[in-house]
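Colleague: Hey, can you work out the whole structure from these sequences and the hints?
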Amino acid sequence: MKEIPIQKNFETFTAPIIKQKGGTENQHPSFAHTLRKALSDVNRVQMQADQAIQELAAGNRKDIHHTMIALEKAEISFQLMMQVRNKIMSAYEEIMRMQV
Amino acid sequence: MDSQGMFGGPFFTIEKVLGLRSFKHNLIVSNIANADTPNYKAFDLLLEQEMERVLRTNRNSDLMRTQPGHLPVRERNSEGLKPRIVAVPQLSPRVDGNTVDIDKMMAKLAENSLMYNALAQILSKKFAGLKYAIQEGKR
Amino acid sequence: MNFLDALHISSSALSAQRIRMNIISSNLANANSTRTLQGGPYKRKDVIFAAHQNFSTFHHMLKSQLQGNLSEVKVLGIITDPRPPQLKYDPQHPDANEQGYVAIPNVNLIEEMVNMISATRSYEASVAAINATKSMVLKALEIGR
Numbered sequence: 001m002k003e004i005p006i007q008k009n010f011e012t013f014t015a016p017i018i019k020q021k022g023g024t025e026n027q028h029p030s031f032a033h034t035l036r037k038a039l040s041d042v043n044r045v046q047m048q049a050d051q052a053i054q055e056l057a058a059g060n061r062k063d064i065h066h067t068m069i070a071l072e073k074a075e076i077s078f079q080l081m082m083q084v085r086n087k088i089m090s091a092y093e094e095i096m097r098m099q100v
Numbered sequence: 001m002d003s004q005g006m007f008g009g010p011f012f013t014i015e016k017v018l019g020l021r022s023f024k025h026n027l028i029v030s031n032i033a034n035a036d037t038p039n040y041k042a043f044d045l046l047l048e049q050e051m052e053r054v055l056r057t058n059r060n061s062d063l064m065r066t067q068p069g070h071l072p073v074r075e076r077n078s079e080g081l082k083p084r085i086v087a088v089p090q091l092s093p094r095v096d097g098n099t100v101d102i103d104k105m106m107a108k109l110a111e112n113s114l115m116y117n118a119l120a121q122i123l124s125k126k127f128a129g130l131k132y133a134i135q136e137g138k139r
Numbered sequence: 001m002n003f004l005d006a007l008h009i010s011s012s013a014l015s016a017q018r019i020r021m022n023i024i025s026s027n028l029a030n031a032n033s034t035r036t037l038q039g040g041p042y043k044r045k046d047v048i049f050a051a052h053q054n055f056s057t058f059h060h061m062l063k064s065q066l067q068g069n070l071s072e073v074k075v076l077g078i079i080t081d082p083r084p085p086q087l088k089y090d091p092q093h094p095d096a097n098e099q100g101y102v103a104i105p106n107v108n109l110i111e112e113m114v115n116m117i118s119a120t121r122s123y124e125a126s127v128a129a130i131n132a133t134k135s136m137v138l139k140a141l142e143i144g145r
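Chains as they are written, first to last, in my numbering: chain A, 1 to 100; chain U, 1 to 139; chain Y, 1 to 145.
A portion of the hints provided could be inaccurate.
Below are the DSS-like pairs computed for lysine-lysine, each with C-alpha atoms no more than 30 Å apart in a straight line [stated by the list, open to error]: (1) U:Lys125 with Y:Lys139; (2) A:Lys62 with Y:Lys139; (3) Y:Lys134 with U:Lys125; (4) U:Lys108 with Y:Lys134; (5) Y:Lys134 with A:Lys62; (6) U:Lys108 with Y:Lys43; (7) U:Lys125 with A:Lys37; (8) U:Lys41 with A:Lys62.
Since the hints were derived computationally from the structure, they do not count as laboratory data.
Modeller: As structure tokens, then:
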């Protein structure tokens, strides 16, 4: 009797992995997909910041706050990405250090 | 000073615009200094056209020297800019022939120096971002 | 180099306005002086400003097409006002002429006060220009700090 709940819990843990093997990415996106999407988001924010600088320098847009906010968003998202990248690298190195 | 690669895009634009703004600053200061000189005509710099040209071409083009003995004649100044300098149209004539409106000049001075400071700060922020990327890449 | 030009132009304006202030002070102080060393009443003085283009180096002259619109202020000279002095009827005055009129200097107090305010305003404007130049240069020096 007690084995059933354990088995049910086990299934909930393994269900995402099994589904992913043959399922679509929309339901449970892979880590690579999430990472790629995050990188393109950071890139998009950087391009927006460059665009804002261009507009301010050309005089098309006179409000400085828009440019400063875009710049700050770009900087913070870049720094966050770098920290995530550091964590990923250290996690990878730790895994590689594991004795088989 | 290339327009592509690591220092392309905003670095190029900001450098050009800073050059334009500094020359406009000189013109405004000259106008303010001569606010009481009789028959002095005030000059101004038209920024919009020159900035559009800079953003479109993204390149310098100086006149080429065909002989090594020629002096480098520059139609533009050292930054490759050719700004349009116009005489300021006068709204209300003065008895001494001076066309400087001191209040307008002070406002222009403030606006120009604020934009210059803002662009310089943005440039230093971008350089700091590059430095950060290089620093964190070491880890 | 650009900013050295701006500072030079502003400093020339400060000097010119200071000279003008000194002349105005002299006029105001001697508004009632009926006797001078040259004889006759005090004559009102005025300054002449001129826009002067200062090409100090050969290098500057090559770029003069752009630099040619910048000019500093030069005081050409100090002239005396050619307007005749006012005559006031006061036979008891030691400087009265045969008809009993005293020649009072042709200094109009209102005119001098207006000139003084204008000179002060121009001086302050050039000081503001110098401050703006300084802040821009300091900000540019901060790039990369």
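Colleague: Determine which of the earlier numbered hints do not hold for this structure and return their numbers in increasing order.
Modeller: 6
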